[in-house]
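What follows is each chain in one-letter form.
Number of protein chains: 2
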Amino acid sequence: MFSMRQSTLFTKTRKEAPKDEVAKNAELLIRAGFIHKDFAGVYSFLPLGLRVLNKVVSIIRTEMLGLGASEVSLAAIQDKSIWEETNRWSDEQMDIWFKTKLKNGTEVGLAPTHEEPLTRLMRDHIRSYRDLPRAVFQFQTKFRNETRAKSGIMRGREFLMKDLYSFAVDEKKHQEFYEKVAEAYRRIFNTVGIGQHTYFTRASGGVFSKFSHEFQTVCNSGEDVIYTSENSNFAVNEEILDAIEAFEGANEAKENFKPRKSIEVGNIFSLGTRFSEALGLTFLDDKGKPQPVVMGSYGIGPARVMGTIVELLSDERGIVWPDSVAPFRIHLIEIAGGGEAESVAKKLYEKLSSLGHEVLYDDRDVRPGEKFADSDLIGIPFRVVVSDKTIAAGGIEVKKRTEEKTNIIPEKDLISLLSE
Amino acid sequence: MFSMRQSTLFTKTRKEAPKDEVAKNAELLIRAGFIHKDFAGVYSFLPLGLRVLNKVVSIIRTEMLGLGASEVSLAAIQDKSIWEETNRWSDEQMDIWFKTKLKNGTEVGLAPTHEEPLTRLMRDHIRSYRDLPRAVFQFQTKFRNETRAKSGIMRGREFLMKDLYSFAVDEKKHQEFYEKVAEAYRRIFNTVGIGQHTYFTRASGGVFSKFSHEFQTVCNSGEDVIYTSENSNFAVNEEILDAIEAFEGANEAKENFKPRKSIEVGNIFSLGTRFSEALGLTFLDDKGKPQPVVMGSYGIGPARVMGTIVELLSDERGIVWPDSVAPFRIHLIEIAGGGEAESVAKKLYEKLSSLGHEVLYDDRDVRPGEKFADSDLIGIPFRVVVSDKTIAAGGIEVKKRTEEKTNIIPEKDLISLLSE
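First to last, the sequence lines map onto chains A and B. FYI, in the working numbering the residues of the first sequence are 379 to 798. FYI, in the working numbering the residues of the second sequence are 379 to 798.
None of these hints come from the bench; they were simulated from the model. This one's a predicted model, so the numbers in the text were calculated from it and none came from an experiment. Heads up, some of the hints might be wrong.
The list makes no distinction among identical chains, and a pair is therefore deemed to hold if it is satisfied within one copy or across any two copies.
What the hints assert, rightly or not - Distance condition first, Cα-Cα at most 25 Å in a straight line; then the derived BS3-like pairs of lysine-lysine: (1) Lys-725 to Lys-777; (2) Lys-632 to Lys-724; (3) Lys-481 to Lys-397; (4) Lys-390 to Lys-665; (5) Lys-390 to Lys-667; (6) Lys-477 to Lys-520; (7) Lys-528 to Lys-458; (8) Lys-636 to Lys-749; (9) Lys-477 to Lys-790; (10) Lys-665 to Lys-729; (11) Lys-397 to Lys-724; (12) Lys-481 to Lys-528; (13) Lys-458 to Lys-397; (14) Lys-777 to Lys-458; (15) Lys-458 to Lys-520; (16) Lys-477 to Lys-767; (17) Lys-551 to Lys-632; (18) Lys-665 to Lys-790; (19) Lys-551 to Lys-390; (20) Lys-481 to Lys-393; (21) Lys-520 to Lys-481; (22) Lys-777 to Lys-724; (23) Lys-479 to Lys-458.
Looking at chain A on its own, in the form it has when it is part of the complex (with noise of 0.2 Å):
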């Protein structure tokens, strides 16, 4: 990462988004030049918006590959066979598939998730208990045909996705693995900044196993909702309200369980053998008997997350980004009017840049209102302003995107505030 002159910035800030945006996080994120709606459920990244992305995916990264994972990235276009012997290539079975054809006329679809190219790839990598446990994940782009793609980046009709899946000897290893992950989830919404509003919450195993778990952010905008109580962290998901009292953990009546709206930012889900014995995928134990591997799988959409944060933390002038995922960490703005406000400018952004801070540097010949409008609805975590007004007295003005506060101080407090 890097900083970088406004003015080479080719995007343009906007006073409104596209008529038929209807997603808090897609209107406040196109009109600050973060990304651009091809159309409904399909959006390109501009610079700002792969800077943010290429945070939240690193910040991913770094917990997959502490917990001892391996980065791949497999293909996107699927051969039907693998997915026949699952039961999931049918539109009845799975009904988000984009299909396409070869010119041969051979039927392909587009992976909507990787289970079955994984699996079938290990069969080549796997032979004996030696060869577990492993773990192995990617940052590749989904396809899902969705009917209703109403809620911006949160739910794209392609998307990047990290998906991690893991392979043990038995339930009971797979279970410790299992356990790792939840905790390096945790880490990772903390890190991005919504870790306060998201519980871990009990749902549905779907066709998988009785139940899963996913990481859910209590927000307005959600299309999930889940059962909180004022009395603990336990949390489900609606379709198992019913069998609340029956879980570890939950004790309380089902009634003390409010419905609150969320976003599903990740899940995590026990898959057993299903994927192995339908694909083949065995070791030989330590008795030189054949088992099937027991499996996991557990997503997290960057794009998703990075529209949650613009749905949770965003004000009535624009979005708010926390610092680990903010575009830039300060945004300079220098306000020229014929004194040294230019050149002071311009040397404070050489030495933030030199220092190592990621600078924007609004060096356009622009009004001073229009900049301040874009720097809020841009929402870098630090505004700091250099004009011949700041100068006269005494320095440099700075100003937290969080905060109404502004305070002018010198140069090297400000150096020294920045670096905290």
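Dock chain B against chain A, hints included.
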């Protein structure tokens, strides 16, 4: 990038590639565990392969940023309207489309290139001559419905592409940038180790302009043919051989130019105003008059570059990676024999890693012959062997992948050698 113990690498090498694989690059990369073949023209990247691909990407990215270009990531799914406006939607006009449908029946395509959506997008961001020049690039997956997909990762049905697009006020400004891109491309091919085999060729401009330029790497497995002469670096593609004497710089008779098989590793196109006029991308000139933007497009496929390196530089024992793109720089092989070798190797691994070297540490419990064969197949530039024998002989054995000679030297000499 980071060091790694080979016992934690999930991939295994194999003696044979899949029977239907005919490309040398894919055969070697599959056998060495860099990629997995899903089916013809569709490959997944495994940890070693992804490391190489990421290094190629990183080299290209550095040059793109050096040109002042901004990175974006555009969507793959395409609505047909803009492609109809430029006459590139129908299969008669562009015969490599993958097309599919949204749930509501709307036909969409998977982008084989991105001139149309980027031109549309830039309409929001280019208004006056003050907004020009601009250059925008991405690393993004392209989909092309190739009839013939027999060249391994050099011609995939889906593949990562670096595509750069430029936007200028006029042809003169366009040409200046075009030439800078050509220089950047030369540096890229030099850095990745194929520069001396790569020619800057004159090619047909296709539907865009009279001529374009390509970078063609001379290689027996190439699908293209270029004509080169012994007397100069001047080269042309086959389709324009008849026009060769008309070119400035071709100071020779057509007969001097001989055909050679080659791989197209990069191309640069002057697009003129073909896309900006069709899609209404105009700017106001300094007299306030609307003018169409003059565009260029510039492609490099990082996986094709990677495949070309394998085709060109491998030998009968396996792959030979140049330092700049090798998955690791050092392959440290421990031959444990009951003596000190194990602890010496472990300490050396930690020391080299802490010095910033990327080390693959073969700590596996397998026969030395298997370790050496795997090392040759994987192709890491330096092989470093620690055994009780090398310790008795005064140190550590070092061998370059490109040389036959081995040397046993003390640890401190090894560290100086590797830091050269």
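Checked hints:
{"no.": "1", "hint": "Lys-725 to Lys-777", "in the structure": "within (20 Å within a copy, 49 Å between copies)"}
{"no.": "2", "hint": "Lys-632 to Lys-724", "in the structure": "neither (61 Å within a copy, 56 Å between copies)"}
{"no.": "3", "hint": "Lys-481 to Lys-397", "in the structure": "between (38 Å within a copy, 22 Å between copies)"}
{"no.": "4", "hint": "Lys-390 to Lys-665", "in the structure": "between (66 Å within a copy, 22 Å between copies)"}
{"no.": "5", "hint": "Lys-390 to Lys-667", "in the structure": "between (63 Å within a copy, 21 Å between copies)"}
{"no.": "6", "hint": "Lys-477 to Lys-520", "in the structure": "both (13 Å within a copy, 16 Å between copies)"}
{"no.": "7", "hint": "Lys-528 to Lys-458", "in the structure": "between (29 Å within a copy, 21 Å between copies)"}
{"no.": "8", "hint": "Lys-636 to Lys-749", "in the structure": "neither (44 Å within a copy, 60 Å between copies)"}
{"no.": "9", "hint": "Lys-477 to Lys-790", "in the structure": "neither (60 Å within a copy, 59 Å between copies)"}
{"no.": "10", "hint": "Lys-665 to Lys-729", "in the structure": "neither (65 Å within a copy, 39 Å between copies)"}
{"no.": "11", "hint": "Lys-397 to Lys-724", "in the structure": "neither (39 Å within a copy, 62 Å between copies)"}
{"no.": "12", "hint": "Lys-481 to Lys-528", "in the structure": "between (33 Å within a copy, 14 Å between copies)"}
{"no.": "13", "hint": "Lys-458 to Lys-397", "in the structure": "between (39 Å within a copy, 20 Å between copies)"}
{"no.": "14", "hint": "Lys-777 to Lys-458", "in the structure": "neither (56 Å within a copy, 46 Å between copies)"}
{"no.": "15", "hint": "Lys-458 to Lys-520", "in the structure": "both (16 Å within a copy, 21 Å between copies)"}
{"no.": "16", "hint": "Lys-477 to Lys-767", "in the structure": "neither (62 Å within a copy, 59 Å between copies)"}
{"no.": "17", "hint": "Lys-551 to Lys-632", "in the structure": "neither (33 Å within a copy, 70 Å between copies)"}
{"no.": "18", "hint": "Lys-665 to Lys-790", "in the structure": "neither (69 Å within a copy, 46 Å between copies)"}
{"no.": "19", "hint": "Lys-551 to Lys-390", "in the structure": "between (52 Å within a copy, 23 Å between copies)"}
{"no.": "20", "hint": "Lys-481 to Lys-393", "in the structure": "neither (45 Å within a copy, 32 Å between copies)"}
{"no.": "21", "hint": "Lys-520 to Lys-481", "in the structure": "both (23 Å within a copy, 16 Å between copies)"}
{"no.": "22", "hint": "Lys-777 to Lys-724", "in the structure": "within (19 Å within a copy, 51 Å between copies)"}
{"no.": "23", "hint": "Lys-479 to Lys-458", "in the structure": "both (11 Å within a copy, 18 Å between copies)"}
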